[in-house]
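**Q** Sequence:
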Amino acid sequence: MLATLSRVLIENPLMKNTLFLICPDSHMEPMIDRRYAGNNYFLTALAAVFDLSDSSTAYSLVSFLKYASIREICIVNDTSSRFINSVIQREKGYNTKSEEVIRELFIDHFYDIESMTNHEKKSQRLSALNVKAQARKLMEHDVLKSCLHDKNIAVRGLLYHRKNSAFEEVPVQAYRENLVYAARKIS
Numbered sequence: 030m031l032a033t034l035s036r037v038l039i040e041n042p043l044m045k046n047t048l049f050l051i052c053p054d055s056h057m058e059p060m061i062d063r064r065y066a067g068n069n070y071f072l073t074a075l076a077a078v079f080d081l082s083d084s085s086t087a088y089s090l091v092s093f094l095k096y097a098s099i100r101e102i103c104i105v106n107d108t109s110s111r112f113i114n115s116v117i118q119r120e121k122g123y124n125t126k127s128e129e130v131i132r133e134l135f136i137d138h139f140y141d142i143e144s145m146t147n148h149e150k151k152s153q154r155l156s157a158l159n160v161k162a163q164a165r166k167l168m169e170h171d172v173l174k175s176c177l178h179d180k181n182i183a184v185r186g187l188l189y190h191r192k193n194s195a196f197e198e199v200p201v202q203a204y205r206e207n208l209v210y211a212a213r214k215i216s
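The sequence shown begins at 30 in our numbering and counts up by one.
In case anyone wonders, no lab produced these hints; they're calculated from the structure.
Backbone N, C-alpha and C define an ideal beta-carbon position, used for all residues, glycine too.
Don't take every hint at face value.
Stated by the list, open to error - Restricting the straight-line Cα-Cα distance to at most 30 angstroms, the calculated cross-link-like pairs of lysine-lysine (BS3-like) are: (1) Lys121 - Lys161; (2) Lys192 - Lys126; (3) Lys150 - Lys95; (4) Lys121 - Lys180; (5) Lys161 - Lys192.
What the hints assert, rightly or not - Estimated spans, in silico, between C-beta atoms of each pair: (6) Phe139 - Ser194: 27 to 33 angstroms; (7) Lys95 - Arg165: 21 to 27 angstroms; (8) Pro59 - Thr146: 30 to 36 angstroms; (9) Asp80 - Lys121: 29 to 35 angstroms; (10) Ser82 - Asn193: 34 to 40 angstroms; (11) His178 - Asn147: 39 to 45 angstroms; (12) His138 - Asp171: 25 to 31 angstroms; (13) Tyr88 - Glu120: 35 to 41 angstroms; (14) Lys150 - Asn181: 31 to 37 angstroms; (15) Lys45 - Lys192: 38 to 44 angstroms.
From just these sequences and the hints, can you work out the full model?
**A** This is the structure we're talking about:
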């Protein structure tokens, strides 16, 4: 997994610690820091597609969540992402695993996305679908879900609109809702 954590652990204990999962190509750390107060940390992967299949990566993330006392994880996609847009425009792209994941999302939701009236709306829709898929992957991961629950870590989704430097909330199912639903299914 090509991902990096950045931010020196110099924190104000009175401020909320948030881990932002972002694409390094979007360079949105300064915008996030201006918009969201607190101790902000960043984990990067192309198109904000995180590969958690390697257990050492998942355990390292859990260790960091505990060490930095993270209270919230925000998954952010830039609607002008070159990776997302190359999939929508059916371009070859860069042949990355991230584009493969985005392409699968595009195929799974092809008619919905193609019914959008313009490219910007298509990009917003595919970006939101990726944020939701990444959130679901985090909340359902065998190693991470217990940490999210035990440490009461919220998971949120955001889209970044570069044209107007605005962030938009993407509804993702809260972890507690997943837990209640799972408990109902078991009983």
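**Q** Quick check: which numbered hints come out false for this structure?
**A** 3, 4, 9 and 15
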